[in-house]
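**Q** Construct the complete structure from the given sequences, taking the supplied hints into account.
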Amino acid sequence: MEFFLQQLINGLTLGGIYALIALGYTMVYGIIQLINFAHGEFFAAGGYMGVILLSFLAGQGYLQTHPWLCLGGAMLLAMVFCAFLAMAVEKVAYMPLRKSTRLAALVSALGMSIFLSNGLMLTQGVYDKPYPAAFSQGGFEFGNIVVSYLQIMIVLITIGLLIFLNILVFKTRIGKAMRATAQDKVMSALVGINSNKIISLTFAIGASLAAAAGIMVGLYYGSVNYTMGFVPGIKAFAAAVLGGIGNITGAMLGGLIIGMVEIFGAGYISGQYKDVFAFIILIAVLYFRPTGIMGENVDDTRV
Amino acid sequence: MKKKVIVLMVAALILVPFIVGTATAKTLKIGTMSPLTGPYAADGNDIANGVRAAVAVIEADGGIPGYDKIEVVPQDTACDPRQAVAAANKLINEEVVGVVGAYCSSSTIPASEALAEEDIPMITPASTNEKVTERGLPYMFRMCGRDDDQSKIAGAFIKDYLKAKTVYIVDDKTTYSQGLAENVAKVLAGHGIKVVAHDHVNQGDKDFSAVLTKIKAANPDVFYMSLQNSATGSLMAIQAKRFGLKSKTVSQDAVYHPQFIEIAKDAAEGTFLTFGYTDKSKPAYKKYYDKYSGMFGEPGAYSGYAYDGAMVLLNAIKQAKSTDPAKIKAEIMKMDAVGATKHIKFMDNGDSGSDYVIWTVDGGQFETYWNPATGKLF
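Line by line, the protein sequences are chains X and U. By our numbering, the letter at position 54 of the first sequence is numbered 54, and the numbering carries on one by one without gaps. By our numbering, the letter at position 124 of the second sequence is numbered 1124, and the numbering carries on one by one without gaps.
If you are wondering where the hints come from, they were derived from the structure by calculation, not from laboratory data. Model, not experiment: these values are computed from the prediction. There may be inaccurate statements among the hints.
[What the hints assert, rightly or not] Cross-link-like lysine to aspartate or glutamate pairs, in silico, EDC-like; alpha carbons within 20 Å at most:
1) K1246(U) <-> E2(X)
2) K1327(U) <-> E1118(U)
3) K1241(U) <-> D275(X)
4) K1246(U) <-> D275(X)
5) K1173(U) <-> E141(X)
6) K1318(U) <-> E1134(U)
7) K1241(U) <-> E141(X)
8) K1318(U) <-> E1117(U)
[Unchecked claim] Stretches of chain X that chain U covers, calculated by requiring three or more beta carbons in the stretch to come under 8 Å of a beta carbon on chain U:
9) 139 to 148
10) 263 to 272
[Stated by the list, open to error] Label pairs and their calculated CB-CB ranges:
11) I1092(U) <-> T65(X): 55 to 63 Å
12) N1089(U) <-> F170(X): 44 to 52 Å
13) T101(X) <-> E1095(U): 43 to 51 Å
14) K1246(U) <-> K176(X): 49 to 57 Å
15) F170(X) <-> K1165(U): 30 to 38 Å
16) T1166(U) <-> I269(X): 38 to 46 Å
17) K1165(U) <-> Y149(X): 31 to 39 Å
18) N1202(U) <-> K176(X): 52 to 60 Å
19) P1138(U) <-> A284(X): 48 to 56 Å
20) K1163(U) <-> G125(X): 24 to 32 Å
21) K1345(U) <-> F142(X): 52 to 60 Å
22) N1202(U) <-> T249(X): 27 to 35 Å
23) E1071(U) <-> N194(X): 53 to 61 Å
24) G1244(U) <-> K171(X): 41 to 49 Å
The beta-carbon is built from N, C-alpha and C at its ideal position, and this holds for glycine as well.
**A** See below:
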């Protein structure tokens, strides 16, 4: 039982991170039907921004005195940075191709992914960058179960961001405009919605969530490197497809399921087949529900 | 038609001095192959830099007679067997006289087959898998130790010093890490120590919470961590500490890298590692250290072996006064000298002997800990 509960907590942490990244895939897909393969690199860029800012603050001595304030500030700045990065990528690599075939945009996305990860390698070097150690590595212990403060922090920040996103998409005017653009670009333009602006904004929101995930991963695992975006990117993409690509709630659910399946597969069967379990679930779900768990044929809830 | 031929011949005659002229300004090319990109890029660049440092030392000492310049041709293997073979073929086309590399055993083995077809000597600074020198290739040499020796030392340490009864083994499924883990399991079985489980993780994984929870539940005396990458080792150490793992951690040469401590910080403390013994007070080491740190900063785990490998190759060419592979080999086999990292003396199969000892992380530094030769602490 203890073993089960510990793995449940591990799965929740990992699933939360996947969910945050998956949202970016699903939102972009919902609005322009593009699988943005460069999304994993926004996650890596966020992690790097975090390490640069936090190391700077640690050098100035602020991190030691106000760790949470510094983390909040660094996270916000990294999110803003990645939002601008994503908007720039959208302008350069996707906007000119909006009227061409989907394949062209997809290839452009792959190219952008390679460009960004190599850009990270050239500017930040090939070595892993360690996060400064200002946050307690300890945690609560219930018998043999350990819940580290960082795990709690990740889960809380993830839930907070998910609630914020839901309010933004379903309760605000911007959200309404996003949903309208997702449904029909031409019609929404006719009623006065600037679709280019909305698409740009969607990229920005998705990338800023990925940046937050990048910082949390850096803090939790202790370091970042330039290849870090690839594997979580693939997993989060699988999560988005599993949940029903284009559907926000589906992406959250998909992320959680992939995280849980991985951890329980590794915990109860064998660590070497961890990735296999995640993808078996994906295939099984798609076999019975080709549109994913929450995916619907009538795309009225997607963004 | 005839006129054209004559014009061409005259033109060719005029060009001859230029061609001969450039040919006399001779450059000696040596190749290095290692993962310069990808997850093992840190170790890969250490190796390329070690070779560069050796070339700088040789050139400062007057270079090699008959050559104006020594050029290092670096190739990226990305720790991928296919890319390693492509890299070997590129080096063959570049007409290098010898190669220092590769890093991953799974790259060195196929690359050496390609180089063997052209009889190009290859000295690996870091591939510890036994098979590297067990294939009867005449021009394959190894600067570092071997995994069968390494696993014996790890086994002796676990049995004699840690007095462990149970061991949990985890590897990340590369030729090197899995091979070593299997060797260790065999040695432990021979000592009558129980291997509770032998689990695997994937390369590139960051989250080890599932496997660490399992280890914690099994509560072994020793956790044997066999990984291809020092950064992965750091992640595992950090998470193990967070889970409150009480087992002693024993790891190996690929995790022995300054990066391991830099990332894991206090979680690295008390980890035991098998790595070759280097006397850091001898002049040969100082000479290497000064040159390397002046050029590239603090050396990595395999920089020293790469430096020694390049030194062996270049000195052999200097002594042989030739780039003929057979003559280079004859000189290499004759060597009996003090290198930066170890005593350089090659055996018939191309190995240069293993000198593994147990290191530990103490106060943010790698320190020698246990000497298998005496069975005592340093």
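**Q** Confirm or reject each hint.
**A** Checked hints:
1. K1246(U) <-> E2(X): Roughly 17 Å separates the two Cα atoms, so the pair holds.
2. K1327(U) <-> E1118(U): holds (15 Å)
3. K1241(U) <-> D275(X): violated (25 Å)
4. K1246(U) <-> D275(X): violated (28 Å)
5. K1173(U) <-> E141(X): violated (33 Å)
6. K1318(U) <-> E1134(U): Violated, at roughly 28 Å.
7. K1241(U) <-> E141(X): Answer holds: K1241(U) to E141(X) is near 13 Å, not above 20 Å.
8. K1318(U) <-> E1117(U): Roughly 24 Å separates the two Cα atoms, so the pair is violated.
9. 139 to 148: Since 5 is at least three, the answer is holds.
10. 263 to 272: holds (count 8)
11. I1092(U) <-> T65(X): 55 to 63 Å: holds (59 Å)
12. N1089(U) <-> F170(X): 44 to 52 Å: violated (58 Å)
13. T101(X) <-> E1095(U): 43 to 51 Å: Taking Cβ atoms as reference, T101(X) and E1095(U) lie about 46 Å apart, which means the hint holds.
14. K1246(U) <-> K176(X): 49 to 57 Å: Roughly 55 Å apart at Cβ, these two residues keep to the hinted range, so it holds.
15. F170(X) <-> K1165(U): 30 to 38 Å: violated (59 Å)
16. T1166(U) <-> I269(X): 38 to 46 Å: violated (21 Å)
17. K1165(U) <-> Y149(X): 31 to 39 Å: Between K1165(U) and Y149(X), where Cβ atoms are some 34 Å apart, the hint holds.
18. N1202(U) <-> K176(X): 52 to 60 Å: violated (43 Å)
19. P1138(U) <-> A284(X): 48 to 56 Å: Since P1138(U) and A284(X) have Cβ atoms about 53 Å apart, the given range 48 to 56 Å holds.
20. K1163(U) <-> G125(X): 24 to 32 Å: Violated, since K1163(U) and G125(X) (Cβ atoms, about 42 Å apart) do not stay within the stated range.
21. K1345(U) <-> F142(X): 52 to 60 Å: For F142(X) against K1345(U), whose Cβ atoms are near 58 Å apart, the range 52 to 60 Å holds.
22. N1202(U) <-> T249(X): 27 to 35 Å: For N1202(U) and T249(X) the Cβ distance comes to about 29 Å; the hint holds.
23. E1071(U) <-> N194(X): 53 to 61 Å: With a Cβ separation near 57 Å, E1071(U) and N194(X) satisfy 53 to 61 Å, so the hint holds.
24. G1244(U) <-> K171(X): 41 to 49 Å: Once the Cβ atoms are compared, 43 Å apart, the range 41 to 49 Å for K171(X) and G1244(U) holds.
Of the hints listed earlier, those the structure fails to meet are numbers 3, 4, 5, 6, 8, 12, 15, 16, 18, 20, in rising order.
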